[in-house]
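Taken in sequence, the protein lines are chains G and Y.
Numbering-wise (this note's numbering), the first sequence opens with residue 118 and increments by one.
Numbering-wise (this note's numbering), the second sequence opens with residue 143 and increments by one.
FYI, nobody ran anything at the bench for these hints, they're computed from the structure.
Just to be clear, a hint being listed does not mean it is correct.
To be verified - To be clear about the criterion: a stretch of chain Y counts as covered by chain G if any three or more of its residues have a C-beta under 8 Å from a C-beta of chain G, and this derived list gives those stretches: (1) 168-180; (2) 185-195; (3) 238-248.
The structure presented is a predicted model; accordingly, all values stated were derived computationally and were not measured.
Note that beta-carbon positions come from the ideal geometry of N, C-alpha and C, so glycine has one too.
Okay, here's what each chain looks like letter by letter:
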Amino acid sequence: EAGVAQSPRYKIIEKRQSVAFWCNPISGHATLYWYQQILGQGPKLLIQFQNNGVVDDSQLPKDRFSAERLKGVDSTLKIQPAKLEDSAVYLCASSRTRAGELFFGEGSRLTVL
Amino acid sequence: SQQGEEDPQALSIQEGENATMNCSYKTSINNLQWYRQNSGRGLVHLILIRSNEREKHSGRLRVTLDTSKKSSSLLITASRAADTASYFCATDTSGSRLTFGEGTQLTVNP
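Okay, chain G solo, but in the shape it has when bound (with noise of 0.2 Å):
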């Protein structure tokens, strides 16, 4: 089966500017996520969907950061406007059962300057 595309993988944008990262999950899987991952961590859960109702954006920087998921199938994540603290990887994963295995994409890496 095909895997979870991101795109795009590499954008530096400077700091106020706004950025947008799409995410294909793999095709029924009906939970979607998005982590960030800043250089030497763990990924960090920004939001999680579940179809196309969000069940978990309690990380989600508010002020900035959106996402949406459309018809339950792709994401968009956007950061408006950004921060040089948001420089990171995005990734996105997507799993058949909440909690269960998640499949990764390869993750977009985001330099703000």
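For this one, chain G is given, so just place chain Y on it according to the hints.
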């Protein structure tokens, strides 16, 4: 704060040796999972162990879980250079969210 904490932070061994990584957590779990991440890549699932299980095997991997001590260990036997990666434990505490630790960086020298 992170639920799981891996120990050691970094481990360097020779090819053919065994590698053991530990994970400690703070609250009761439904299951615990181990993932591997090669440099610059996404995470890959290795094994899931449920709270009512004590040990699981998958190829050269052996995972143990001690819920009384709130700890798990991942053993990689007969390591290979290709095993060089970061290894993360992830805990499911509520049936919905997986929380990852900071990881162990394993280096296997040829």
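Now the hints, each set against the structure:
Counting residues of the segment 168-180 of chain Y whose CB lies closer than 8 Å to any CB of chain G gives 4, so the stated coverage by that chain holds, three being the minimum. Counting residues of the segment 185-195 of chain Y whose beta carbon lies closer than 8 Å to any beta carbon of chain G gives 4, which meets the minimum of three for the stated coverage. For the segment 238-248 of chain Y, the stated coverage by chain G is satisfied: 8 residues place a CB nearer than 8 Å to a CB of that chain, which reaches the threshold of 3.
When held up to the earlier numbered hints, the structure conflicts with none and fits them all.
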